[in-house]
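Residue numbers (the working numbering), protein chains in the order written: chain A, 23 to 164; chain E, 66 to 486.
There could be a bad hint or two in this list.
Stated by the list, open to error - In the BS3-like style, the derived pairs of lysine-lysine whose C-alpha atoms are separated by at most 30 Å in a straight line are:
hint, chain 1, residue 1, chain 2, residue 2
1, E, Lys471, A, Lys48
2, A, Lys70, A, Lys101
3, A, Lys72, A, Lys147
4, E, Lys342, A, Lys139
5, E, Lys342, A, Lys147
6, A, Lys48, E, Lys440
7, E, Lys471, E, Lys342
Claimed, not checked - Between beta-carbon pairs, the in silico distance windows are:
hint, chain 1, residue 1, chain 2, residue 2, range
8, A, Gln114, E, Arg114, 32 to 38 Å
9, E, Asp358, A, Gly122, 41 to 47 Å
10, E, Glu479, A, Pro150, 21 to 27 Å
11, E, Glu479, A, Val126, 22 to 28 Å
12, A, Pro125, E, Val425, 31 to 37 Å
13, A, Asn31, E, Ser443, 45 to 51 Å
14, A, Ser110, E, Asp358, 28 to 34 Å
15, E, Glu339, A, Pro125, 37 to 43 Å
16, E, Gly292, A, Pro125, 34 to 40 Å
17, A, Asp118, E, Met382, 22 to 28 Å
18, A, Gly122, E, Lys155, 28 to 34 Å
19, E, Pro346, A, Gln114, 38 to 44 Å
Since the hints were made in silico from the structure, they are not lab data. The beta carbon of each residue, even a glycine, is placed where N, CA and C say it ideally should be.
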Amino acid sequence: MSETYTLYNSTVMEHFMNPRNMGDLKDADGVGEVGAAACGDIMKISIKIKDGRIEDARFKTFGCGSAIASSSMATELIKGRTIDEAMSFSNQEVVDALGGLPPVKIHCSVLAEEALKAALEDYVKRNPSAAAKVAMTDSVAA
Amino acid sequence: MRQVFLDHQSSTPVLPEVFDAMRPYFTEYFGNASSLHQHGLRVRDALKRARQQMASLIGAESEEEIYFTSDGTESSNLAIKGAAYANERKGKHLVISATEHPSVMNSLDFLEKQGWTCTRVGVTPQGMIRLDELEAAITPQTVLVAVHHVNHDIGTIQPMREVGQICTTKNVPLYVDCEASAGWLPIDVKEWGAAMVSFSPHRFYGPKGVGVLYRNRKARIVSMIHGGVQEGGRRAGTENIPAIVGGGVAAEIAQERLTQRVAHVAPLQKRLWEGLKLNVPYIQLNGSEPGPDRIATNLNLSTEFIEGEGQLLLCDMNGIAVASGSSCVSKSLKVSHVLGAIGLDHALAQGNIIMTLGEVNTEADIDYVVETFAKIASKLRGMSPMWDEFEHGVIDSVIAPTGRGKSFSQHAAEVSGKPAH
């Protein structure tokens, strides 16, 4: 074949074929595992926090091409962000960074957002002092 | 890169001799079969020949029992809705198997909204219709029974002779969707006592754009497309002559080469399944083992702990074209209703891949697919939290339970808040 046709755009395909940050973090500070009731996909994100910032992130995903690409992109995007910033992370960032997803696949990016937030919640639960700090910055911001 | 087309259930290439037969009907013999001059009369002759070729493929008595439509979906819509409306005064109940093609399932959904009632008869875990349930489902109000010859997803061959006997005894017309079998399995409409049978030539090296409906003279149907009096007044619209001519030639060739084609694909089917079973841990075949209960072209596989669309994409990136019944490949986000009907665990349905063989496939292709698929499965398992959790005893395998951990579906329901449908 002279041309290659793909189901997703080249950015999505690239992240699916060569996912970034795939795997687990042995000494993770927070782990979130979520599932999509709609389709049955499952996504797990592990994060390492240092000085209030996400120092590292890893994912593992049971799901379609766009679910794998979404988790790959989400972990890329959140590295270096403060907990606060990460708390307001939106799936739209993943969609935009991937150059768009088919409408029926938008829920994959939502799953990535949920997995990240579940990991952050896990971190906060494990570190109540960090939670207090986050709450304080929240009130300062407000 | 090696290119292996393993999706012959979706379509097949037009044979060169079929294409050659079609060509003059685009340019030279372009007439409309309804015209009364020589241009019309010439193509009318070609139409008749194609009807004879179709009739011969399925053992129909006369070419007058063959109707041309645009494709298999139109044929099943005409068979079902046509029979339902024609027999409205007799009764408003239809019986089908639970694993019929969407063109049948959704025609029934439509009729139910119009006041008909329908019974969907269950199947065994191998996908075989439950004959006792079929018999019990037929009532004096039943005007049609629809059972497909071979399932499009899992390749199960239905016991058509027994189904036919039940319908004959109960005196209810039987419609048989032969989309997945025509050209690959012998069909004898008289032996089944079938009132209607449908199929499309593009599944056996003919062109798209033509469907066939066999209708026994005694079976009553009304037209669903209204217009002129083409096709005996049962399907209006100018006939797609080039496709019909090509379809006829494809049917004649399919009849001649049926044994040869099956002799080619059946050993490849066994080689592929044996190879995968040996090289991919936690894989299972859905439907019957290769043999008399399964069409020789089809393998329907579930590879555990990984999802089907990812498998499909990686196969495609490696030159291998396959299909999947996973929810991720469907626009409705639901797993194939066939996999649901055979009671397949949702996690296994998610990891579904359908491979369908054809004339072009070789032993070397099969070996390449086995080798590549094993790598794909292990790559995706490396990314899958489920594989990891299985290895750590958190969840158990459905295919080969170890007795450790909870079920995948239970785990999925816990992390997603509710069970997947």
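Status of each hint after checking the structure:
1. Distance restraint check for Lys471 of chain E and Lys48 of chain A: the Cα-Cα separation of roughly 23 Å lies within the 30 Å cut-off, and the hinted pair is therefore satisfied.
2. For the given pair, Lys70 of chain A sits about 9 Å from Lys101 of chain A by alpha-carbon distance, which is consistent with the 30 Å threshold.
3. At roughly 16 Å between alpha-carbon atoms, Lys72 of chain A and Lys147 of chain A fall within 30 Å of each other, so this suggested pair holds.
4. Taking the CA atoms of Lys342 of chain E and Lys139 of chain A, the gap is near 39 Å; set against the 30 Å cutoff, the hint is violated.
5. Distance restraint check for Lys342 of chain E and Lys147 of chain A: the Cα-Cα separation of roughly 45 Å exceeds the 30 Å cut-off, and the hinted pair is therefore not satisfied.
6. For the hint linking Lys48 of chain A to Lys440 of chain E, the alpha-carbon distance of about 25 Å falls within 30 Å, and the restraint holds.
7. Our distance criterion of 30 Å between C-alpha atoms is met by Lys471 of chain E and Lys342 of chain E, whose separation comes to about 25 Å.
8. Restraint check, Gln114 of chain A to Arg114 of chain E: a C-beta distance of roughly 60 Å breaks the suggested window 32 to 38 Å.
9. In this structure the hint that Asp358 of chain E and Gly122 of chain A lie 41 to 47 Å apart at CB holds, the actual value being about 45 Å.
10. Under the hint 21 to 27 Å, the C-beta atoms of Glu479 of chain E and Pro150 of chain A, about 25 Å apart, fit the expected range.
11. A beta carbon spacing of about 25 Å between Glu479 of chain E and Val126 of chain A agrees with the range 22 to 28 Å that was offered as a hint.
12. As the Cβ distance of Pro125 of chain A to Val425 of chain E is approximately 35 Å, the hint placing it in 31 to 37 Å holds.
13. A hinted range of 45 to 51 Å for the beta carbons of Asn31 of chain A and Ser443 of chain E is inconsistent with their spacing of about 27 Å.
14. A C-beta distance of roughly 57 Å is found between Ser110 of chain A and Asp358 of chain E, which places it outside the suggested range of 28 to 34 Å.
15. At roughly 41 Å, the beta carbons of Glu339 of chain E and Pro125 of chain A sit within the given window of 37 to 43 Å.
16. For Gly292 of chain E and Pro125 of chain A, the Cβ-Cβ distance of about 36 Å falls inside the hinted range of 34 to 40 Å, so the restraint holds.
17. Between Asp118 of chain A and Met382 of chain E, the C-beta spacing of about 25 Å keeps the proposed range 22 to 28 Å intact.
18. The hinted range of 28 to 34 Å is not satisfied by Gly122 of chain A and Lys155 of chain E, whose Cβ atoms lie roughly 53 Å apart.
19. Between Pro346 of chain E and Gln114 of chain A the CB atoms are about 39 Å apart, so this pair conforms to the stated range of 38 to 44 Å.
The structure is inconsistent with the numbered hints 4, 5, 8, 13, 14, 18, although it conforms to all the rest.
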